[in-house]
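Asker: Given next are the chains, with one letter for each unit.
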Amino acid sequence: MADPTTNRPLHPARPTLSRFRRMRPTTGKSGQFGLAFWLPLAWLILITFCAIFAPWIGIQDPDSLDFINLQAEPNDAHLLGTDHLGRDVLARVVYGARVSLVVGFCAPVVGMLLGLPIGMIAGYFGGRIDGFIVGSIDTFLAVPGLVLLLLFSLIFGGSLLVVTVSLGLLFIPIFARISRAATLSFKSSEFVLAARTIGAGDFNILLRELLPNVVLPVLAFGLVAVASAIVVEGALSFLGLSVPAPHPSWGGMIAGGREHLEESPHISVFPAIVMFLTVLSFNLVGDTLRSRFADVREAAI
Amino acid sequence: MRYVLKRVRRLIVVVFAVTLFTFLLVNVLPGDVAYDIAGQDASEEEVQAIRADLGLDRPVMIRYVEWLGDFVQGDWGRSFRTDEPVAEAIWSRFPVSLELMVVAQVFALILAVPFGIFAAYRAGRTVDRTIATAGFMSLSIPSFMAAILLILVVSLNLGWLPTSEYEPLSEGLWANLRAFILPALAIALSEWVVLMRVLRADLIGVLQQDYISLARAKGLPVWHVILRHALKPASFSMITILGLQIGTLIGGSIIIESIFALPGVGRLLINAIYARDFIVVQGVVVFIAFAYVLVNFIVDLLYAVLDPRIRTERSDG
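Listed in order, the protein sequences are those of chains A and B. Here the first sequence is numbered in our numbering, starting from 1 and rising by one per residue. Here the second sequence is numbered in our numbering, starting from 1 and rising by one per residue.
Mixed in with the good hints there might be a few duds.
The following residues of chain B were derived to be distant from chain A, with all beta-carbon distances above 10 angstroms [what the hints assert, rightly or not]:
(1) ARG63
(2) ARG78
(3) SER143
Derived coverage of chain B by chain A (criterion: at least 3 residues anywhere in the stretch with Cβ under 8 angstroms from a Cβ of chain A; other residues may be distant) [to be verified]:
(4) 15-27
(5) 148-159
(6) 253-263
(7) 286-292
By construction, these hints were calculated from the structure, which means they are not laboratory data. Please read these numbers as outputs of a predicted model, since none were measured by experiment. Positions of the beta carbon are idealized from the N, C-alpha and C atoms, including for glycine.
Input sequences plus hints: build the corresponding full structure.
Answerer: Below, the structure written as structure tokens:
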């Protein structure tokens, strides 16, 4: 089946999903990014800045215990209050951002570095190689992501590295699928044919002709992947299976405040708000960029 | 028929690969359960004795084949900790997970259908954009966060649904159901968005068909046309997604079950992980994977039955 207008093959692996993506309206006016882009971007820059420069922006030590102010409401000394051990919630939210952002950025990069070549090879060579790769991806996807992560954390223990790498592995299928679809839609185009005619080898075509075209939709998906990486890391640290306990993380803080929801909801609610805003911002910025740069190509996934 | 055979073959391959992968992951890698059981001061001999006792000292492939043979016959092993048979443990908890999923999907539909209709009817207008934004926000709330906020607002502040213990169905329908309301809502809050988007997209397409214009031209009221003529053909994709989501939810309700103390499969898995009870973890993972693949398989088949084009097109994929 081929699209008569562009003569590109369409690959409706999941017809429903592709239809829904194609119908999606582009956000905002076509010429410029709206407030729904700049506002979240500003928040992301703020939170990243705070996370990087956490020791120097005048917040307290996230691990210092203030025994006089246990579970204090937000006040002048502790802007967002203190938790059940008297630790400053604001400081812990800022230091927790470090964990979330490191995992959030690094995990998709791991997935991209591994998934992109796999997907391109599958899409380019087709045939048995493609069948094998697609089959492996299907198998991999048969185990729900969180279950796989729990399995990894059980075996390797919880640490920033383990969480980042295992979460990165989970992103391989989606990145492989996107790059496979993009490769498929470009491999029969004229410039590839031209390159082959002048004697370029497979490796050269993949690297110099296809990669620049495939990378864009993959990158455009990247920011949305960051949002879901942060959510999954939050879920893991909520369960206590991410970074070890005294280390601040958003999920861990939300879980820690669970016992004290009735008397001092602020312990859970503030990290929850910050996490929500961050995830929402990544989603909004990512979606704007995606609908701008990858709309046409993603329709083929 | 050839399509079905092809799918069945793939189903078997995938399940086989999942069992092998899980078994190897759980068994080859460090963190041997024998060390855990023996305790920290145990001598190497004691550890070896426990290993021999549990049959962990034999080559891994032999153990895998044995385990697979038993597994196929319904003997999934016994918990290292509680000595409970794994298969029984899973099946006794499965109805709770299933009920949670069904209630969650019902909630998701209750949210998705009206909003999807409104958004499609007013596509591109303020209502549509408001719903899209609400959907975006809803998607950005992880389910565990939604759960905590729901407990805080609904149970603690408003006092509507005091966090209640799980009661079996024999205690009465309401007593049983009320424990599921908040957890199901926490799940539904992120699931409904996808359903709503799919319904909206399809409904927009259907509403542009000629027969809809005809119905309108005949003078039928708008709501009659949408509900009686357009909704049914437009909800096809949504129902597919609904089915596929059930697959993901089997694994996705893990956290929710443990927050609300629902004795489901997810909680069994979490507790087994905390207790490092490898054989239970292994059983649950394979069970979840199998359920997931099976649901996908059934949805795919139904799809092929309902849409003949799929049979030929996708037989190579």
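Asker: The output says B/SER143 does not contact chain A. Does that hold with a beta carbon cutoff of 10 angstroms?
Answerer: At roughly 8 angstroms from the nearest Cβ of chain A, B/SER143 sits no farther out than 10 angstroms, so the non-interface label is violated.
Asker: For the stretch 148-159 of chain B, count the residues whose Cβ lies under 8 angstroms from any Cβ of chain A; is that count three or more?
Answerer: holds (count 5)
Asker: Confirm or reject the statement that B/ARG63 sits farther than 10 angstroms, beta carbon to beta carbon, from all of chain A.
Answerer: holds (17 angstroms)
Asker: Checking C-beta pairs, does the stretch 253-263 of chain B have three or more residues closer than 8 angstroms to chain A?
Answerer: holds (count 4)
Asker: Under 8 angstroms between beta-carbons, do enough residues of the stretch 15-27 of chain B, three at least, approach chain A for the coverage claim to hold?
Answerer: holds (count 7)
Asker: Counting residues of the stretch 286-292 of chain B whose CB is closer than 8 angstroms to a CB in chain A, do you get three or more?
Answerer: The restraint on the stretch 286-292 of chain B holds, since 3 of its residues have a Cβ under 8 angstroms from chain A and three suffice.
Asker: Any Cβ of chain A at or closer than 10 angstroms to B/ARG78, or is the non-interface label fine?
Answerer: holds (19 angstroms)
Against the hints set out earlier in the document, a violation occurs for number 3 only.
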